[in-house]
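K.L.:
Residues per chain, in single letters:
2 protein chains.
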Amino acid sequence: MGEVTNHIGSSINYNGEEREQGDAESNTLNQPLVKANRKLSSTPLALVGTKVSHIESLDYEINENDLFKHDWRKRSKTQVLQYIFLKWTFACLVGLFTGLIATLINLAVENIAGYKLLAVGHFLAQERYVTGLMMFAGANLGLTLIASVLCVCFAPTAAGPGIPEIKAYLNGIDTPNMFGATTMFVKIIGSIGAVAAGLDLGKEGPLVHIGTCIASLLGQGGTDNHRIKWRWLRYFNNDRDRRDLITCGSAAGVCAAFRSPVGGVLFALEEVATWWRSALLWRTFFSTAVVVVVLRGFIEICKSGKCGLFGSGGLIMFDVSHVTYTYHVTDIIPVTLIGVIGGVLGSLYNHFLHKVLRLYNLINAKGKIHKVLLSLSVSLFTSVCLYGLPFLATCKPCDPSIKERCPTNGRSGNFKQFHCPKGYYTVRNIFSSNTPNEFSMGSLWIFFVLYCILGLFTFGIATPSGLFLPIILMGSAYGRMLGGVMGSYTSIDQGLYAVLGAASLMAGSMRMTVSLCVIFLELTNNLLLLPITMIVLLIAKTVGDSFNPSIYDIILHLKGLPFLEANPEPWMRNLSVSDLGDAKPPVVTLQGVEKVARIVDVLKNTTHNAFPVLDEAEVVPQAGLATGAIELHGLILRAHLVKVLKKRWFLTEKRRTEEWEVREKFPWDELAEREDNFDDVAITSSEMQMYVDLHPLTNTTPYTVMENMSVAKALVLFRQVGLRHLLIVPKIQVSGMSPVVGILTRQDLRAYNILQAFPHLEKSKGRKAN
Amino acid sequence: MGEVTNHIGSSINYNGEEREQGDAESNTLNQPLVKANRKLSSTPLALVGTKVSHIESLDYEINENDLFKHDWRKRSKTQVLQYIFLKWTFACLVGLFTGLIATLINLAVENIAGYKLLAVGHFLAQERYVTGLMMFAGANLGLTLIASVLCVCFAPTAAGPGIPEIKAYLNGIDTPNMFGATTMFVKIIGSIGAVAAGLDLGKEGPLVHIGTCIASLLGQGGTDNHRIKWRWLRYFNNDRDRRDLITCGSAAGVCAAFRSPVGGVLFALEEVATWWRSALLWRTFFSTAVVVVVLRGFIEICKSGKCGLFGSGGLIMFDVSHVTYTYHVTDIIPVTLIGVIGGVLGSLYNHFLHKVLRLYNLINAKGKIHKVLLSLSVSLFTSVCLYGLPFLATCKPCDPSIKERCPTNGRSGNFKQFHCPKGYYTVRNIFSSNTPNEFSMGSLWIFFVLYCILGLFTFGIATPSGLFLPIILMGSAYGRMLGGVMGSYTSIDQGLYAVLGAASLMAGSMRMTVSLCVIFLELTNNLLLLPITMIVLLIAKTVGDSFNPSIYDIILHLKGLPFLEANPEPWMRNLSVSDLGDAKPPVVTLQGVEKVARIVDVLKNTTHNAFPVLDEAEVVPQAGLATGAIELHGLILRAHLVKVLKKRWFLTEKRRTEEWEVREKFPWDELAEREDNFDDVAITSSEMQMYVDLHPLTNTTPYTVMENMSVAKALVLFRQVGLRHLLIVPKIQVSGMSPVVGILTRQDLRAYNILQAFPHLEKSKGRKAN
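Here the protein sequences come in this chain order: A and B. Note that full-length UniProt numbering has the first sequence beginning at 1, numbered continuously upward. Note that full-length UniProt numbering has the second sequence beginning at 1, numbered continuously upward.
These aren't lab readings, by the way, just hints derived from the structure by calculation. One or more of the hints may lead you astray.
Identical chains share a label here; the pair holds if one copy fits it or two copies do between them.
Below, simulated SDA-like cross-link-like pairs (lysine to any residue); rule was C-alpha separation at most 20 angstroms, straight line [as the list claims (entries may be wrong)]:
1) 643 <-> 56
2) 87 <-> 276
3) 87 <-> 545
4) 87 <-> 570
5) 654 <-> 602
6) 77 <-> 760
7) 604 <-> 649
8) 77 <-> 545
9) 646 <-> 664
10) 77 <-> 570
11) 87 <-> 231
Only a predicted model underlies this, so the values are computations on that prediction, with no experimental measurement involved.
Next comes chain A alone, as it looks inside the complex (with noise of 0.2 angstroms):
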């Protein structure tokens, strides 16, 4: 080794031959988002809480290379089994977990929130109302200043609810550090501490977060550092596996945020997943099924008194169970104008959460101590209005026939004093029933305001945030009122009101249906208010789409992730995918039988993610045709061939091998893993003159488009298969030519970055039917 050495990852260009191809996909760190290529460009860089970097698509295709195959010959009957069974102890597992961290979470944020207002109670009572403030704002300060730090400085990821991040993944987008130990902790912990400090956010994206970390870690064995070197994880090392993995998770996550197993299973169905199987329906109910039996076994431990201030709520979260619901046909219009009106809101919703996301962002962009100097005025002038709005509401007095304490300041209990020698103040529980009085007109306005200012704003600071709390609070205001207007017209209850009211600014926002309605019909337990629900949803959601999309697909683009639509555009069925190829650079391919030198160069070179292996035919049927027959071999992985360098696995003569000669050096789950960092092989200029015989380990069968296929149902194929790579092959049979024409991936078959590419297609937007 006493050679010259080239340090791959030194500047050093190999021969010379500049080869500065942009790639559609992989964005490393010094290329944020942003392609060489200017035809076929990504998205902005990326926004909100994410730091900037490399973002890699996911691979569920299987790849079927000699080595692959081989294993799968000889995988026994135990070795199904044993997957088969650590499939559902995951599955199990996620719900166990995300069940206990759901109920840690619940326990503390309510004996910290409930300790605090206690304290700022004994201040009240005594009418030391500036020292309450600042007892109040102070605490609150506190709890908000540790969440941002922990998530400014150990786990930007953690910021914001984490859902578009999940629908990405599961769209096939692996965001980096998503899915990590420290990222879960800082979610935990920041999530206690941001609900605690009544901000105005929710536990309930945080949740569907954490249990797709749980999930992750599981699949994973371990965190990204410390892995559990079990040979049984090994099923697990592959996209699709963890894909499935991750889809449980959410759904785990849902059902502890809603405690609605149904719902979360349907949630991570309609919202989540963009891919679906029945196996995995089934799978998915186990683990909500296992987090709801988690849920309820400490609710009854809790109700002997045993976790502090935490209360005793059951299953059911609203109280409407009681209301009996009569339709009438004069019913239909107070129901359409609640759909009408919360499609309306929900979309204004998020036409400003994005003008302010983009705001923030600004901020944010200007380094940690920006972070959390906002989250921190955000947390002041919430603690401000939240302590100072009772003071503007009139007391009421205690109704006597009620049978409730009236006055209910020490634990959980809808009437709560504040500064009120006897009167009452309800913000407790918007939903209760059969009160139509309790909430004047006045306060339920002062109420929406502040929630809608709050909801704006508290949504993009840097801590753990959920959005289903902002929106339920708002919509239930806006259905009180709503409630309060219509009042006479109709027989249906204030509490109902404000429950649909809820449903539609959600459906409005979110854009949720069968999902939303399931989690509300588990939530109010009264199946009787299911059609009404249901109308009042798809009025909202009809309402709100004809605006713009849901606040998640907006939180997608803001992030720059390269989201794959369900529906191609219908100006794609006019493109051909070879225009697509024309309008990048020549594919790099490799010969079957390559020069290491070669292969240097190209990992360096380029920063694709796959390259076709080309072989010159050996047999030809026809006599005569034999002259220059090229023949596609398939598609080699980078991290294969970087992984074929640190092996040092060269020829000293240019020959095909044998298949057991390279078995013993990759073991087929070792190919698994995705690993490409090659900074660190070091290869002799000796070695560089070696060959590498790529066959054994190229992908044989990858999926292929003909040039002249359109663009509509490349992208078809494309995300019903779960690609990575598509090659383009010609559609006329001439000798000696390349039987690749061009690769495409996720980057190059999405609307906007053909849009940028192609802008006349852009006045054939817009004629969307399907």
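Dock chain B against chain A, hints included.
P.N.:
Coordinates of chain B only, in the frame set by chain A:
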């Protein structure tokens, strides 16, 4: 036209060339479901109910030929809005009509059965037992006769539940006469007759079938023979939109059967549909919401007694809403036990039903008379059993502590007098709670055994019949029995045992989880039962799956429908598509501008449904390589070739046409129709020498796979994208070689057929891990 006319349908073989190719897909009446090619053959004859006939595959691929593309470019915003409006109107109408018909069936059944029982009760009161029996059996025989004769003579496809065929349709298999108007009317009347006759079958399956019939009739604007020629309807003249409509219809049907809107959607998703999109979730949900509103409306009306004997049952069927249920750790044992035994019983039921259906098929094959006689004998047996059974039970005195008037012979009520002087006897509601001593163990045994026998022998007769009811009856009897045995061990209510027993048997036989769980949730209206129901369902399904496939899969297999499973078999990874292609005769290709004689010949002598169109490449960039380069222009459908012949769109010289020449002859919406009987097309011998330009009618973007693609991955593509034909292209680029080496269809990719052709693969079977 004075020339010699060749009737294409005649037996004159045009150019003497024998091309007796078996088609992997289409099966004409003369060659029922058996291919000429022995290598890749299909499953045996269709069984149970349907007569053996022409089964076609559906084509969910968008046929991108020049004419279609032109239409897309032309389609205005108005047309897109028309399409969207119509889509939602249809979803609403499907719900509306399904709800109305469900109410009609309920009304008719309750009234016919009610008056029948009143009359029999009259004889019983006079102790004229023999006259009562004759009256009872006679009425039942008459009703069965109507149902059976209608089914046998007018619509054999109306027999059975229809759900397997719907499942097959949504998988891409078009069973003929399945969704026609005759089938629907026979199904409605037959269902009323069969259920009112007291046969042990439900109206749930038939309602699902009726829902899909409504959807299909709406989509095509009338019956097969009498269609409304409304221009808007042309948007629905394709397999994709029809598929969506039928999915809506099936969800509406389940919703109407169980009054369970979310359950209906989930049933369609989990059990029936093969392809699913988020947009569809929403539309399906809308349909079921309409159904529920219609059902609720009629229940309100019937409450005031305007519906004869129709009971005042609300949305809730099982009366367990008042059961307060708390968890104990010890309850896990009975719950597990219910699940395990339910799974075993369910798979046993599947096993024996399979045997009975095979036996019945032998009887039914003998002719129409035999079918009717079989139905009548089952009816007679049922009548005798139902009549005789109460005499075996012990009469119990009325309990004065129960508020209800004790012998409720007149209308609905739990306690029937029958032959007892003043005792009561319950068959009405086995789910009633807090009544542990209402049933004696002996009568439960008799009940269980009787309903097992009836359930096995009733299903296969030639009447519309649902599987849900018999299984629920069996399951609840089993549950109550188990409850009786476990009685002292747990605090679980006996009525709850019955519900869980029914759930477990359904999961054990039908293997659904989430949808069943939601249906039970909506039936019982008790959210607290959810976790326990989930566990029972999961256990029962797991146990059942380890023995045999679900009952619907068994029926699908019996009917010989080429259903494509979701997951490829493991051995498919080791088989390439070229292996399959080699087992088939060579592909029949056409030239871009083809002679009429050749087209006639191909249409007559093959049964293929699509033909690749090849061209000699006109321009090849590399000079010197142009000789003999062949280009794949695309795939042309048989239906379009027939249309060309029918329209006599012939050219005198061999030339390519302009787009406008074609456009006026072939309107886009006409091309969508799938008619291919070309027997009545007469071509003169001079016309035979003319040419047709196939280019504008060719789908230029068929999906393709390389010849070394594994069957597993090709199957994934085929099923995920919803194809009818998949072209195999060579991996080697050689001038002059055909760019298509084979065509794969549904039949080629079925595991069963492949194993017939490659028996050595059988030994590696069973290693299925996914």
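K.L.:
So which of those numbered hints doesn't the model satisfy?
P.N.:
When the structure is compared with the hints, none of them turns out to be violated.
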